[in-house]
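With chain U's structure known, arrange chain Y on it following the hints.
Listed here are the chains, written in short residue letters.
Protein chains: 2
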Amino acid sequence: MTGKLTAQPGKREELADILLQAAEGMKDNADCELYLVNVSEDDPDAIWVMELWRSAEAHTNSLKDPAAIALIQQARPLIAAIEPVKLRPVGGKGF
Amino acid sequence: MTGKLTAQPGKREELADILLQAAEGMKDNADCELYLVNVSEDDPDAIWVMELWRSAEAHTNSLKDPAAIALIQQARPLIAAIEPVKLRPVGGKGF
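Taken in sequence, the protein lines are chains U and Y. All residue numbers in the first sequence are consecutive under UniProt numbering, ending with 95. All residue numbers in the second sequence are consecutive under UniProt numbering, ending with 95.
A hint or two may mislead.
[What the hints assert, rightly or not] Below 20 Å or equal to it, Euclidean Cα-Cα: the simulated EDC-like pairs (lysine to aspartate or glutamate) are:
id: 1; chain 1: Y; residue 1: 4; chain 2: U; residue 2: 41
id: 2; chain 1: Y; residue 1: 4; chain 2: U; residue 2: 43
id: 3; chain 1: U; residue 1: 86; chain 2: Y; residue 2: 43
id: 4; chain 1: Y; residue 1: 27; chain 2: Y; residue 2: 17
id: 5; chain 1: U; residue 1: 86; chain 2: Y; residue 2: 13
id: 6; chain 1: U; residue 1: 4; chain 2: Y; residue 2: 17
id: 7; chain 1: U; residue 1: 4; chain 2: Y; residue 2: 43
[Stated by the list, open to error] Covered, in the sense of this in silico footprint (three residues per stretch, anywhere, with C-beta under 8 Å from a C-beta of chain U), are these stretches of chain Y:
id: 8; stretch: 14–20
id: 9; stretch: 26–33
id: 10; stretch: 65–72
id: 11; stretch: 87–94
Since the hints were made in silico from the structure, they are not lab data. Here the structure is a predicted model, which is why all the values come from computation and not from measurement. Ideal Cβ positions, reconstructed from N, Cα and C, are used throughout, including at glycine.
Chain U extracted, bound-state conformation:
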């Protein structure tokens, strides 16, 4: 799962910090193989998150975790737009 998040003007850093906290929360989740937070070098408001999950179900379950719910509520007001990039990983190093 890959997505481009556009932060409210001036809020990218704050949003990125919340996403990094979410990634930290995934460190012990074996179903989450990748949760990479990137900032765009072209767009000062854009953050790209790249996630790799063992299953769609594992991802859905992760969103029920109270800590994740709290972080999502914290992040929501900082987000101006979310553009999912619908990709299907087919292999490679880190897959």
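Positioned in the frame of chain U, the structure of chain Y alone reads:
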């Protein structure tokens, strides 16, 4: 490093196979932390490659490898467009 490659019509699978061979060649390269090949679910010609390197220099050096050069020459005629997505990873799981 992230990029969207548009294959020539009908050539996506062949191009993805070449990229997977390139990823295979990175398995023993400790400087390459991620080389993920994804296909777009929206665009039948699009492939997204996500790479994570310890340094820009490590990536540049990898392109001098004869096997990589051969794969690039094989891939080139199959590629209609390359759109780099300039990102800077800031952290997360897999970083």
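Hint check:
no., hint, in the structure
1, Y:4 <-> U:41, "holds, 16 Å"
2, Y:4 <-> U:43, "holds, 17 Å"
3, U:86 <-> Y:43, "holds, 9 Å"
4, Y:27 <-> Y:17, "holds, 16 Å"
5, U:86 <-> Y:13, "holds, 17 Å"
6, U:4 <-> Y:17, "violated, 27 Å"
7, U:4 <-> Y:43, "holds, 17 Å"
8, 14–20, "holds (count 3)"
9, 26–33, "holds (count 4)"
10, 65–72, "violated (count 0)"
11, 87–94, "holds (count 8)"
Figure legend: structure checked against the earlier numbered hints; hints not met, in rising order: 6 and 10.
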